[in-house]
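*Asks:* So the chains spell out like this:
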Amino acid sequence: MAFAVALIILIVGSVLFHILSPWYLTPLASNWGMIDTTIDITFWVTGIVFVAVNAFMAYCVIKFRYNKERRSEYQPENHKLEFWLTAITAVGVAAMLAPGLIVWAEFVTVPEDADEIEAIGQQWHWSYRLPGDDGKFGNVDAKLISDDNPFGMDPDDPHGQDDRLIESNVVHLPLDRNVKINLRSKDVLHNFTVAQFRVKMDLVPGLVSYIWLKPTVAGEYEVLCEELCGIGHFAMRGKVVVDEAADYAAWYAAQPTYADILARPQGDPVAGQAQYAVCVACHGPEGKGMQVMNSPKIAGQEDWYLRRQLNYYKIGARGAHPADTFGQQMAPMVMTLADDQAIEDVIAYIGTLPDEPAETTIAGDAERGEDIWVTCGACHGHEAQGIKALNAPRMAGMTDWYLARQLENFKADIRGRHEDDLYGWQMAEMARILKDDDAVNDVVAYINTLGETQVAAASAEAGAAYSGAEE
Amino acid sequence: MAQVAHDAVTDADLRPFEVAEEPLYHPKTFIGKYIWSQDAKVIAIQYGITAIGIGLVALVLSILMRLQLGFPESFSLIDPANYLQFVTMHGMIMVIYLLTALFLGGFGNYLIPLMCGARDMVFPYVNMVSYWVYLAAVLILVASFFVPGGPTGAGWTLYPPQAVIGGTPGTGAGIILMLISLCVFIIGFTMGGLNYVVTVLQARTRGMTLMRLPLTVWGIFMATVLALLAFPALFVSCIMMILDRLIGTSFFMPAMLAAGEQTAYDGGSPILFQHLFWFFGHPEVYIVALPAFGIVSDVLATHARKNIFGYRMMVWAIVAIGALSFIVWAHHMYVSGMNPYFGFFFATTTLIIAVPTAIKVYNWVLTLWRGNIQLTVPMLFAIGFIFTFINGGLTGLFLGNVTVDLPLSDTYFVVAHFHMVMAVSPVLVVFGAIYHWYPKMTGRMFDETLGKIHFWMTFLGTYAIYYPMHYLGFEGVPRRYYAYGETAFMSDSAQDLNAAISIAAIIVALAQLIFIYNVIKSLFSGKEAGHNPWKATTLEWQTPHTPPRHGNFDEDELPSVYRWAYDYGVPGAEQDFIPQNVPSEEMAAARGQGETKAES
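Protein sequences appear in the order of chains W and A.
When you line the first sequence up against this note's numbering, it's residues 1 to 471, in that order.
When you line the second sequence up against this note's numbering, it's residues 472 to 1071, in that order.
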């Protein structure tokens, strides 16, 4: 009896949970309302079966409970009953399948007027490509992908010159226009998911998959990777911004074409030396940094990372948080670099400074740090040499107290949470794996061991790989 | 007396034995009897202990995962790398090394010869080797926990390229040991599996026609056939992936980058692996489910004191499900980037398979209808299984229907669905089956109170874990995430729900200690069970010794079978059950014998 009551409570409880659950489909922001309708149909059919069959079972458990004086009914078969149950089931299945297939036919048929864009996945970032004013994508080839050519563009294909290359996790889409999103991966499997759009698809290296949709609500939506792609899977996140036509046009015009990127200014170290005069006071003549001035070593840091951070300071994505005292000191200094050319020049000059391992000041359990480093090294490299393609800067041989402070800042949401800090979000999530107080020092202590022994080799290698890298 | 039993015959209807019995090899030493044993029952117990042992490791891994998901800031020993390793090893161990090995190697070995009326498997030596090869596979798997870099963290599906290139934990020795272990497992399984199939086809006793086989044997038999056909696909995938990883072939590897650097791979297809994997992987679901279907049918009939309803439909449903399970595999791949037109075909076949599956559910419930239901511990687990399986089966209709799958794929809805249907349901049957056959295997009864506590904690606990989890999936919470950060669509309360689920999971895990304690304690202090405590009809309950000795049955004569396995509540019969080895004209002789012919 108790068992039957438990079954009934579970049936009623399940239905009530469904009705009262605060957790359900997020509001729709695309044309795929039909998918929600098929879910509703499936819920009705399966819900009725769930309640009916289980309630019948609970009834049997009560009604036909054991009685020593009674015999069960001897009925091996009942063809009529079995036939009708089969037939009703087949009808129920068809009632779910038919709408499913009809909607799927829509899904596989891309409207002819759809705009095309390309979303590119890599461990653990998104980037995007638009076909440009000619409406045609240039050829790409996985074999051509490199730090200098992250999209694998074919430089000889004229259609590619006007492609808009968006080296950012954020893409914009125009409201109420059909869009086909071609999906391409540079390395492993990924999956392009925007929960509010309902549709999703894997990105597979070696082929181009697609989804199509029509965004119907303006706003910002997170792009999640939903196919396991390695250690950073959970922190691979992009953003889709659905704009009104005018906003979209403005955004579109601001995106560089492939030709623009090829024509970007080169840095001049001689001009940069003059710009560096401002930096000397804190970072020192050789860029070694000074702890008393709270300034880290910058000599030997990779050019792409310096460029990004200088730009972040300029636009306020770094150094603007009220708790980031030292960042606030840096921000006005960066303002002395008037334009992109000045930034390129000073980076070029920093690239000529001698790169010697920074002094170590932090003690910790390096052995434990090595365990933690398994995760960190997936992006920053096993030798902490930095990997541009993964947007992860070098750490080996750099200033250890600065690393520790930045990790604490990431953990405390002081750094990485500004919406224009496109890659800091990921690091802020990752810094959370340093759960206890010692973890930061332990992992920095391990980085120091890399700094002492292997940095020369690693940075020489990294230097070779990135020399001349000007995007 | 009116003879109304279904398909019951007399001695005159049976053909004589066609083949003379081969003598069994009877070892004299302890090692020969219990270590290098050729007795299928001992091998079964070896399989069972090994499978449950490694399953406990996987249970601990699942708790570590739940600690991270429920309390993401609290446990500093869990980082993203070992979180993925826990996910991977938990899944692989549970599916292959626990459930497959336990249902086929464990229950298959114990029950097939006994229920078919055979003295042993037809190839006892190969059967012994099968276990030791399985043990080697388990040890290789365990070894991967101790190699540099640890076990693979590629997810139990081992999708390339990420399974073999950097950025995934355990791409060194971990993945290689995983693949080798799977190959060794498959070799071991094939030896066992051929045995099970040949034994069912060739070694059934006189009168045991295929349509008189208990459904347990049908389920295990069909599952073995599926496994023999499906595992080779996994085998070749593993070999190819080892080659990709070790000598740089490109079966599954296209031109691509690894950690930002160009690789030497070119021209392979990650999708090819997925097709091969799921060509194995979907039948694998039924390799686990069909034995569970069979066993639960027998447990239900016995404890409801009623014939199984629609036996022939049940048999044909098992066969139909087995056949259909080979043409539904790509429903795991709707959003894999394969040609989307495949979706029409695979959604249709997948929903068709719901029909025979539903028939099985109806027939179980109709077996209870007008039965005489004894809520023994095995029966509680059996009915608990039906409830859980209905839930898990119905959510399969969401994911199998290609359109509905789009928003739900790769979310917690999937995790909830497959745990409900492929983890909790079969495991409830495993427990029910162990409680059901424990008296036969050990000669003693288990502690009923502890068994009931174990049932309630497991049944309600697992429902509390997995039912709400579907709704996390609706909300869009993705699976295989170490942590979630903030999004516009995942609510703060989703984290509270995750914490509650984790607590339920810990309670369920602790409940399993009660089970283990009960199984061990009752070996020593359980009360004597007798030969047939459940008053069951099938042959394993009619053995002259309990536990059955090597050779299973009376030394001079194998039992003959005169009727189907479900003569419960036959009108006019003295008892409410008639064993399969009681001929029609001996009804009178059977009268008044509580323990049946076995005692005479």
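Possibly wrong hints are sitting among the right ones.
As the list claims (entries may be wrong) - Listed next, the stretches of chain W that the computed footprint assigns to chain A, with coverage defined by at least 3 CB atoms under 8 Å from CB atoms of chain A:
no.: 1; stretch: 44-50
no.: 2; stretch: 101-114
no.: 3; stretch: 206-216
no.: 4; stretch: 228-234
no.: 5; stretch: 422-433
Unchecked claim - Just the calculated beta-carbon pair ranges, DEER-fashion:
no.: 6; chain 1: A; residue 1: S964; chain 2: W; residue 2: Y66; range: 57 to 67 Å
no.: 7; chain 1: A; residue 1: E957; chain 2: W; residue 2: A246; range: 25 to 35 Å
no.: 8; chain 1: A; residue 1: N810; chain 2: W; residue 2: N139; range: 20 to 30 Å
no.: 9; chain 1: A; residue 1: R783; chain 2: W; residue 2: D36; range: 56 to 66 Å
no.: 10; chain 1: A; residue 1: N810; chain 2: W; residue 2: D437; range: 22 to 32 Å
Stated by the list, open to error - Here are the simulated PhoX-like cross-link-like pairs (lysine-lysine), alpha carbons at most 25 Å apart as the crow flies:
no.: 11; chain 1: W; residue 1: K239; chain 2: W; residue 2: K411
no.: 12; chain 1: W; residue 1: K411; chain 2: W; residue 2: K435
no.: 13; chain 1: W; residue 1: K80; chain 2: W; residue 2: K63
no.: 14; chain 1: W; residue 1: K239; chain 2: W; residue 2: K314
no.: 15; chain 1: A; residue 1: K1006; chain 2: A; residue 2: K504
no.: 16; chain 1: W; residue 1: K180; chain 2: W; residue 2: K214
no.: 17; chain 1: W; residue 1: K314; chain 2: W; residue 2: K288
no.: 18; chain 1: W; residue 1: K239; chain 2: W; residue 2: K180
no.: 19; chain 1: W; residue 1: K136; chain 2: W; residue 2: K214
no.: 20; chain 1: A; residue 1: K992; chain 2: W; residue 2: K68
no.: 21; chain 1: A; residue 1: K1006; chain 2: A; residue 2: K923
no.: 22; chain 1: W; residue 1: K68; chain 2: A; residue 2: K998
no.: 23; chain 1: A; residue 1: K1006; chain 2: W; residue 2: K68
no.: 24; chain 1: A; residue 1: K504; chain 2: W; residue 2: K63
no.: 25; chain 1: W; residue 1: K63; chain 2: A; residue 2: K1006
For the record, the hints were derived by calculation from the structure and aren't laboratory data.
Beta carbons are placed, not taken as given, at the ideal position from N, Cα and C, and that holds for glycine.
*Asks:* Are the hints correct? Go through all of them and say.
*Replies:* Outcome of the hint check:
1. 44-50: holds (count 4)
2. 101-114: holds (count 6)
3. 206-216: Contact hint for the stretch 206-216 of chain W vs chain A: holds, 3 residues under 8 Å.
4. 228-234: holds (count 7)
5. 422-433: It holds, with 5 qualifying residues against the three required.
6. A:S964 x W:Y66: 57 to 67 Å: This hint is violated: roughly 44 Å between Cβ atoms.
7. A:E957 x W:A246: 25 to 35 Å: 29 Å, holds
8. A:N810 x W:N139: 20 to 30 Å: Holds, since A:N810 and W:N139 (Cβ atoms, about 23 Å apart) stay within the stated range.
9. A:R783 x W:D36: 56 to 66 Å: 42 Å, violated
10. A:N810 x W:D437: 22 to 32 Å: 53 Å, violated
11. W:K239 x W:K411: 22 Å, holds
12. W:K411 x W:K435: Holds, at about 9 Å.
13. W:K80 x W:K63: 24 Å, holds
14. W:K239 x W:K314: 22 Å, holds
15. A:K1006 x A:K504: 30 Å, violated
16. W:K180 x W:K214: 9 Å, holds
17. W:K314 x W:K288: 22 Å, holds
18. W:K239 x W:K180: Status holds; Cα separation ~17 Å.
19. W:K136 x W:K214: With Cα atoms ~20 Å apart, W:K136 and W:K214 stay inside 25 Å; holds.
20. A:K992 x W:K68: The given pair, whose Cα atoms are some 31 Å apart, is violated under the 25 Å limit.
21. A:K1006 x A:K923: The hint holds at about 21 Å.
22. W:K68 x A:K998: Given pair W:K68, A:K998 holds - Cα atoms ~23 Å apart, limit 25 Å.
23. A:K1006 x W:K68: 13 Å, holds
24. A:K504 x W:K63: Violated, because 48 Å separates the two Cα atoms, which is more than 25 Å.
25. W:K63 x A:K1006: 22 Å, holds
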